[in-house]
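Trainee: Sequence:
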Amino acid sequence: MVTLMATTGTIIPISLGGESPKIVCMMMPIGDLELSDVVLANHDEVAKFVTKKRYMEHLAGRYLLQLALTKWGVDCSYIEVRRNEFRAPSIAYLPGTWKRTPLPSISIGHSSGYAFVALVESGWTVGIDAELEDLVISKGVFDMMAKGEELAYLNNNPNQAVRLWTSKESIQKSARLGMNLNPRNIRIPIGEMKSKLSIGNLIFQLENLSFNDFFISISYCLGDGYDSIPEDKLLEQTQRAMSDTDDWSIGCKTTRSNA
Numbered sequence: 222m223v224t225l226m227a228t229t230g231t232i233i234p235i236s237l238g239g240e241s242p243k244i245v246c247m248m249m250p251i252g253d254l255e256l257s258d259v260v261l262a263n264h265d266e267v268a269k270f271v272t273k274k275r276y277m278e279h280l281a282g283r284y285l286l287q288l289a290l291t292k293w294g295v296d297c298s299y300i301e302v303r304r305n306e307f308r309a310p311s312i313a314y315l316p317g318t319w320k321r322t323p324l325p326s327i328s329i330g331h332s333s334g335y336a337f338v339a340l341v342e343s344g345w346t347v348g349i350d351a352e353l354e355d356l357v358i359s360k361g362v363f364d365m366m367a368k369g370e371e372l373a374y375l376n377n378n379p380n381q382a383v384r385l386w387t388s389k390e391s392i393q394k395s396a397r398l399g400m401n402l403n404p405r406n407i408r409i410p411i412g413e414m415k416s417k418l419s420i421g422n423l424i425f426q427l428e429n430l431s432f433n434d435f436f437i438s439i440s441y442c443l444g445d446g447y448d449s450i451p452e453d454k455l456l457e458q459t460q461r462a463m464s465d466t467d468d469w470s471i472g473c474k475t476t477r478s479n480a
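Numbering (the working numbering), first residue to last: 222 to 480.
Quick caveat, the hints were computed from the structure, so don't treat them as lab data. Just so you know, these numbers come straight off a predicted model, no measurement behind them. Check before you lean on any hint, since a few could be wrong.
To be verified - Now the in silico label distances, taken between C-beta atoms and shown as ranges:
#1 Leu315 to Asn403: 32 to 38 angstroms
#2 Lys320 to Met365: 39 to 45 angstroms
#3 Asp355 to Gly412: 18 to 24 angstroms
#4 Gly252 to Asn403: 34 to 40 angstroms
To be verified - Once the Cα atoms are required to be at most 35 angstroms apart in a straight line, the calculated DSBU-like pairs of lysine-lysine come out as:
#5 Lys320 to Lys292
#6 Lys415 to Lys269
#7 Lys368 to Lys243
Glycine included, every Cβ here is placed at the ideal spot set by N, Cα and C.
Use the sequences and the hints to build the structure in full.
Mentor: Shown next as C-alpha cells:
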C-alpha cells in the first residue's frame, strides 16, 4: 500500500498488491521555514547554499521527511540524514545512540515549488520523482534520456516525455545511483501506469500516478537503503556481546587489567 498525502491531509491509497512493502509518500509546498524548526537539516550543508531557492528546498525536504518519519513512528530527535558516494540520502541513528530498530529507506525530491518524500520499510529502497503534468520538455534533451525504439517513440509522442522523465528519475533514486545509472539504459514500458523492470540483477516496481496537477513516479526495489559508518558496526558488535554474557564489565567482554 502506498499513501500519498497532500498538505491538506488528503490521503490517496494505491494498491500495489499483497506482497508489496509498506510505503509512505508525502508532498507539501515549499515555504519559509526556520532552520531551528528542522531537526533533520544539515547545518554544514545549508551554510554552503548560494541561493535562497536551494536553502528553502533543503529545509522543506527535511521538514517533510520529519513529518513522514513521525507518521511512520520514528523519533527524529535520534536520527540524522546521511548520503552515499552518489549523494543518495539515507537515515541513521545519531552516533552513540544504542537503539537499533530497523529504519525505513528514504527518497527526497523537489519540483515546481513542492517537496516530495517517500519511505519504504527496511530491506527495500525507494525513489520518488515528480513534475507538473503540463511541463514541456525540450526535444533537444530526448536523446539524453532515451535511445533506439524508445527515442523514436518519444520523438513521435513528446507528450509522454514527463512520464518517462519522472519514471527514470525515480528508478535512478531507488537504485541509489543517481545519474551513475544512465537513463538511456532504463527502458520504461509504454502506456503502463504500473510496471516491473529488470536492470542488471535488480527488479524495480514502478508506479505512476497523477495528483494535484503533478505526474508522480514511485519505484521500489529489494536492497539496502542504509549507509553505515564504522561506529555502527562497533555498536552492533557491542550489543551482541552484551546479550551473549551476564558478566559485562567496562562495556566490553575484556576487563581492563588496571580496573
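Trainee: Would you mind marking each hint as holding or not holding in the structure?
Mentor: To see whether the hints hold, each was checked on the structure:
1. Leu315 to Asn403: 32 to 38 angstroms: At 35 angstroms between Cβs, range holds.
2. Lys320 to Met365: 39 to 45 angstroms: 44 angstroms Cβ-Cβ, so the 39 to 45 angstroms window holds.
3. Asp355 to Gly412: 18 to 24 angstroms: This hint holds: roughly 20 angstroms between Cβ atoms.
4. Gly252 to Asn403: 34 to 40 angstroms: Given a distance of about 35 angstroms, which is inside 34 to 40 angstroms, the answer is holds.
5. Lys320 to Lys292: holds (19 angstroms)
6. Lys415 to Lys269: Not OK: Lys415 and Lys269 at ~39 angstroms, beyond 35 angstroms, violated.
7. Lys368 to Lys243: holds (34 angstroms)
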